[in-house]
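Chains as they are written, first to last, in the numbering used here: chain A, 35 to 234; chain B, 48 to 311.
Check before you lean on any hint, since a few could be wrong.
[Unchecked claim] The list that follows gives simulated cross-link-like pairs (lysine to any residue, SDA-like), each with its CA atoms no further than 25 Å apart: (1) A/K69 with A/P53; (2) A/K124 with B/S64; (3) A/K69 with A/S41; (4) B/K85 with A/S41; (5) A/K77 with A/H91; (6) A/K124 with B/K85; (7) B/K85 with A/R62; (8) B/K92 with A/A207; (9) A/K69 with A/A79; (10) A/K233 with A/G213; (11) A/K86 with A/A108; (12) B/K92 with A/N179; (13) B/K92 with A/R221.
Simulated from the structure, these hints should not be mistaken for lab results.
Letter by letter, the chains look like this.
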Amino acid sequence: MSNYAQSIQDLMNELARLPGIGMRSAERIAFHLLKQKPEEAMKLATAIRDVKTRIRHCSICYNLTEQDPCAICADAGRDQGLVCVVEQPKDLLALEATGLYRGVYHVLLGRISPLEGVEEGDLTIEPLMQRLASGQVREVIMGLNPNLEGDGTALHLQNLMSQYPQVAVTRLARGLPAGSNIEYANRNILADAISGRQKM
Amino acid sequence: MALSRDTCICLRKFEYSETSQILTLLGREHGIVRVMAKGAHRRTKAGASKFDGGIDLLDRGQAVFTFDPARDLQTLTEWHLDEGHLELRRNLRAVYLGQYAAELLSLLLENFDPHPALFDRLEQMLPALATSQREEVFLAFELELLRQTGHLPQLGDCANCARPINSSATAYFSPSTGGAICRDCEMIIHDRLAIDARLLRLLITLLRLPHHGSMTQRLPRLTRHQTDPLNGLLAQYLQFTLGRGLRLMRYVIPSPIRRVPVAT
Chain A
35 MSNYAQSIQD LMNELARLPG IGMRSAERIA FHLLKQKPEE AMKLATAIRD VKTRIRHCSI
95 CYNLTEQDPC AICADAGRDQ GLVCVVEQPK DLLALEATGL YRGVYHVLLG RISPLEGVEE
155 GDLTIEPLMQ RLASGQVREV IMGLNPNLEG DGTALHLQNL MSQYPQVAVT RLARGLPAGS
215 NIEYANRNIL ADAISGRQKM
Chain B
48 MALSRDTCIC LRKFEYSETS QILTLLGREH GIVRVMAKGA HRRTKAGASK FDGGIDLLDR
108 GQAVFTFDPA RDLQTLTEWH LDEGHLELRR NLRAVYLGQY AAELLSLLLE NFDPHPALFD
168 RLEQMLPALA TSQREEVFLA FELELLRQTG HLPQLGDCAN CARPINSSAT AYFSPSTGGA
228 ICRDCEMIIH DRLAIDARLL RLLITLLRLP HHGSMTQRLP RLTRHQTDPL NGLLAQYLQF
288 TLGRGLRLMR YVIPSPIRRV PVAT
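Extracted from the complex, chain A is given alone in its bound form:
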């Protein structure tokens, strides 16, 4: 039984529920917050409150946003006929960080993972099909993670999209990461790299 005051114990318990934080780390963070000036510590509380009250999903692409539609969907300079389907908002951010993609996105909010109980209805597949039904989309890029469940989800989407023959379905290229060494690449990566080789 801990001898901490109830409020400190409550804070530690809540911090310890965060991913990757155990009770020891929670204790350290709690005491760090206690040492801070009240206005500094309250910035954290305010930030948590703001993110939970202001952030929502874009009604078009399901990216996280403060305004609906999100800045990407509302950008008239973007190619609205090119949609990249990703699993999570953080995947969208990773693609945006390249600065090379000028189309729009659709965030599925997961992937079909029957073994984990994640089914088609848990994802934003229906809104994606509605976007395609509008007739504005000419190409969908599968930007899902290249693993068994990601590939399964992409194949499932491809089946559904076959009802829109005007929509081309492509996927992100696979193979060796830039800056890596061939000797460290696993069998899957090398097989993908060989089958997806490009003319120089």
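With the hints as your guide, set chain B onto chain A.
Okay, now just chain B, sitting in the frame of chain A:
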């Protein structure tokens, strides 16, 4: 702690953190082993990784792990990928059948209970799922799994009265009774499922095939019209036996066999 080495196939994976995974592996010599792969996704800038960049479902590889049966979770220290089944990933049916096999294995096998022959059958089956023989290969594997784990339903004789089942157009199967049932008994069994008798005989034929050598060469060619009812029958039997639903069932068997109402 002593380290063990085994050829393993990944049946389940859980992304524990940004870089670590918790995996359920089927080892040829160790059976089901649950391991923590710390830093599985971590790579050096040159791409080096002690776990080949992370382990995916159905991957087969050479694993090195701590092995202490007293502990539920072992530590994976090395993984070298042998086979990632890229062909299988290009067919949705193959993806679902592969995951269904993984689900059945993780439900029917006990931890640390090795079944080398079953492992070899799984190793043969997974690449065959990418071919046009996927339906018969999967069904044959499913039957072998049930046989080796002691869950095979009674098929030749009535599971209720033990008398031989006479051939007729329609056969009956009862998950709660544990197998096929004869015309005399079917009237009194509430969960009877009607099935084409030829399909039930097909199951018996598959079970009588010799076990050595290549599995795929000896199997008769089957279509989903034949395998869907049989997979459905076995799934309903397993759900009753295990007392829980099968998550992949609706992906593998689109329309389960309905019960035949008992006349009152």
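Consistency of the hints with the structure:
Distance restraint check for A/K69 and A/P53: the Cα-Cα separation of roughly 23 Å lies within the 25 Å cut-off, and the hinted pair is therefore satisfied. For a cut-off of 25 Å, the pair hint linking A/K124 to B/S64 stands: about 15 Å separates their Cα positions. With a C-alpha separation of about 15 Å, the suggested pair A/K69 and A/S41 falls inside the 25 Å cut-off, and the hint holds. Between B/K85 and A/S41 the CA atoms are separated by roughly 34 Å; this puts the pair beyond 25 Å, and the hint is violated.
The hinted pair formed by A/K77 and A/H91 meets the criterion: a straight-line CA distance of about 24 Å does not exceed 25 Å. Distance check on the hinted pair: A/K124 and B/K85 sit about 22 Å apart at the alpha-carbon level, within 25 Å; holds. Between B/K85 and A/R62, the direct Cα distance comes to roughly 24 Å. Compliance with the 25 Å bound is thereby established for this hinted pair. Under the criterion of a C-alpha separation no larger than 25 Å, the hint pairing B/K92 with A/A207 is consistent with the structure, at around 20 Å.
For the hint pairing A/K69 with A/A79, the CA-to-CA distance comes to about 15 Å; that is within 25 Å, so the pair holds. Distance hint between A/K233 and A/G213 is fulfilled; the C-alpha atoms sit about 20 Å from each other, no more than 25 Å. For the hint pairing A/K86 with A/A108, the CA-to-CA distance comes to about 23 Å; that is within 25 Å, so the pair holds. Between B/K92 and A/N179 the CA atoms are separated by roughly 20 Å; this keeps the pair inside 25 Å, and the hint holds.
Between B/K92 and A/R221 the alpha-carbon distance is near 18 Å, which keeps this suggested pair within the 25 Å criterion.
Hint 4 from the earlier list is the only one contradicted by this structure; the remaining hints agree with it.
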